[in-house]
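S.K.: Sequence:
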Amino acid sequence: MRLRWMLCIALAMLIMAQVVASMAWQRRPQMSVPGATEGTIVIPEIDPGEIAGTLMLAGMRGLAIDILWMRAITAKEAGRYYESVALFQLISKTQPQFETVWEYMVWDMAYNIPADMDDDEARFSWYVTAVAAGVEGAMRNPRGERLLRYLAWMILHRGQQFVDRVEAYDWEPVLGPLLEQAGMEVPAVGASPYRLGATLYAFIIDQAPQRAYRVPSFVRRLLPINLEHDGNLARNRGHHRQAVERYLEALEWWQHAHAWIAEQRQTLEDGSIPDWEQPRVRDQILLTQRTAQRIEGPLRRKVANILRLLAPNDDHADTAEALLAGNDFPALRAMLYEDGWSAQVPHAPRIQWYDEL
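The opening position of the sequence shown corresponds to residue 0 in numbering that gives the first Met the number 0, with each subsequent residue numbered one higher.
By construction, these hints were calculated from the structure, which means they are not laboratory data. There could be a bad hint or two in this list.
[Stated by the list, open to error] Derived CB-CB ranges, DEER-like:
{"id": "1", "residue 1": "N326", "residue 2": "P215", "range": "22 to 32 Å"}
{"id": "2", "residue 1": "Q160", "residue 2": "I66", "range": "33 to 43 Å"}
{"id": "3", "residue 1": "E120", "residue 2": "A77", "range": "22 to 32 Å"}
{"id": "4", "residue 1": "T73", "residue 2": "A342", "range": "29 to 39 Å"}
{"id": "5", "residue 1": "P215", "residue 2": "A181", "range": "12 to 22 Å"}
{"id": "6", "residue 1": "P215", "residue 2": "E120", "range": "47 to 57 Å"}
{"id": "7", "residue 1": "I72", "residue 2": "E251", "range": "20 to 30 Å"}
Glycine included, every Cβ here is placed at the ideal spot set by N, Cα and C.
Whenever a hint applies, use it, and build me the whole structure from the sequences.
M.R.: Structure below.
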């Protein structure tokens with residue numbers, strides 16, 4: 000009985016705080032991340048509900064969140080996913096920097112709720128809703144690199160079930176508010192889940208200095224790997240020139256990975272990394288280098304083979320291979336659109352290798 004009264008009091012305070020916050024915060028200021036460059040805005044306007052939860056519930060906030068969290072988990076385990084999502088949304092308003100709740104919401108919307116649906120259109124709608132929730136969580140937690148990484152992974156993993164629908168969807172309203180913080184454009188309609196995921200991985204790397212988080216080394220590997228997957232998708236559809244463009248972009252990011260390896264080695268040599276952290280850095284360098292050696296070589300051979308098939312003659316093919324070997328990717332891209340070059344390999348067998356998608 001006492002617990003019930005405390006819950007009622009906490010919820011009443013939350014409602015009162017919501018009303019007061021809505022009236023008092025008609026014009027809500029934007030906030031900058033500590034440590035970011037001066038004038039860089041990375042947090043959108045604050046919701047009145049978030050003000051209510053973070054400032055006005057005071058000591059009752061912890062109790063309210065604990066009770067709501069237990070109810071949300073119970074609803075989820077019982078299969079009441081809509082109720083679970085509603086409760087998680089309430090928790091996110093009460094404590095917007097609780098990263099775990101955003102992950103739970105995205106997971107429920109992308110996987111659990113659609114699992115009980117037979118309509119592919121409804122499943123895809125929940126997928127889009129999950130992406131939007133992940134974007135909101137990332138914007139409310141500008142130092143939450145894990146949320147960004149989870150969002151990128153979910154777009155890739157779940158999006159493979161809706162490749163055609165993902166490509167036909169306009170992602171500008173969903174991803175635009177996040178990517179514009181880095182001056183990045185949302186891929187145009189027609190982008191695959193691999194392309195969208197790679198774009199978010201690039202965003203994670205780009206924003207690391209401003210948001211003051213550490214980028215896991217595997218993000219630098221996943222980015223070019225998914226660009227290669229995107230190229231494989233185009234190749235299997237017979238769009239060989241588009242595939243080469245994606246492969247070249249992947250190779251450019253492998254060059255970024257090599258530059259990162261060189262920087263990390265330099266930090267080890269000059270002693271700027273503490274002794275206790277050096278084993279971790281050495282492991283990351285070794286794994287990234289081995290992955291690049293295992294993947295980059297076959298990728299270059301694949302590009303060279305397609306270039307020779309697209310080239311109008313052997314001289315052009317030799318020139319293209321020289322540009323590829325010299326990492327002159329801009330010149331190679333321009334060469335692909337010169338007169339005489341084909342956009343696709345004629346009579347190419349469309350074999351979809353199991354390990355290339």
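S.K.: Tell me the numbers of any earlier hints that the structure contravenes, in ascending order.
M.R.: Hints 4, 6, 7 not satisfied by this model.
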